[in-house]
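Sequential numbering of the sequence shown, starting at 0, is according to numbering that gives the first Met the number 0.
In case anyone wonders, no lab produced these hints; they're calculated from the structure.
From the three backbone atoms N, C-alpha and C, an ideal C-beta is built for every residue, glycine too.
It cannot be assumed that every hint is accurate.
If you anchor each label on the Cβ, the simulated ranges turn out as follows [as the list claims (entries may be wrong)]: (1) G95 / L46: 24 to 32 Å; (2) N5 / D34: 18 to 26 Å; (3) R47 / R71: 17 to 25 Å; (4) L77 / L9: 14 to 22 Å; (5) W63 / D104: 34 to 42 Å; (6) A61 / A16: 21 to 29 Å; (7) D104 / L9: 26 to 34 Å; (8) G31 / G62: 28 to 36 Å; (9) H97 / R3: 32 to 40 Å; (10) S58 / E89: 35 to 43 Å.
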Amino acid sequence: MTARFNAIGLVVSDMAASVTFYRRLGFAFPEGSEDQPHAEAELPGGLRLLLDTEETVRSFHAGWQPPTGGGRSSLAFLCDGPEEVDRVYEELVGAGYHGELKPWDAFWGQRYAVVADPDGNGVDLFAPLPAAQ
Numbered sequence: 000m001t002a003r004f005n006a007i008g009l010v011v012s013d014m015a016a017s018v019t020f021y022r023r024l025g026f027a028f029p030e031g032s033e034d035q036p037h038a039e040a041e042l043p044g045g046l047r048l049l050l051d052t053e054e055t056v057r058s059f060h061a062g063w064q065p066p067t068g069g070g071r072s073s074l075a076f077l078c079d080g081p082e083e084v085d086r087v088y089e090e091l092v093g094a095g096y097h098g099e100l101k102p103w104d105a106f107w108g109q110r111y112a113v114v115a116d117p118d119g120n121g122v123d124l125f126a127p128l129p130a131a132q
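Could you put the whole structure together from the sequences, leaning on the hints where they help?
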């Protein structure tokens with residue numbers, strides 16, 4: 000047997016808020032997912048993003064507690080260009096989400112920004128910068 004990477008799972012405190020956030024980034028959660036304890040959206044290539052409420056996780060892992068302190072993981076989204084990084088960042092921040100890092104031209108050759116999802120998970124937005132002429 001060979002284990003295959005199949006899904007990314009996030010534990011969320013508010014399913015409706017998380018589904019709304021990730022739909023803004025293009026995830027196709029089925030209608031009604033906002034009211035469910037578990038939701039899935041299929042990604043290109045067959046991977047899935049899984050969202051489970053804290054209550055759902057506690058239903059099978061009674062001692063589970065949300066982590067404290069800063070996060071160590073993020074989801075990264077390739078944008079069509081530097082302008083889209085700025086547009087998506089402004090759209091999310093304008094909708095009330097926390098802008099962790101404003102768009103900037105990173106030394107590694109990308110337009111790069113970070114927004115926090117409703118649970119504080121980092122969501123990186125990036126696009127290659129045009130080659131220096």
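So which of the earlier hints does this model not fit? Result: no hint breaks.
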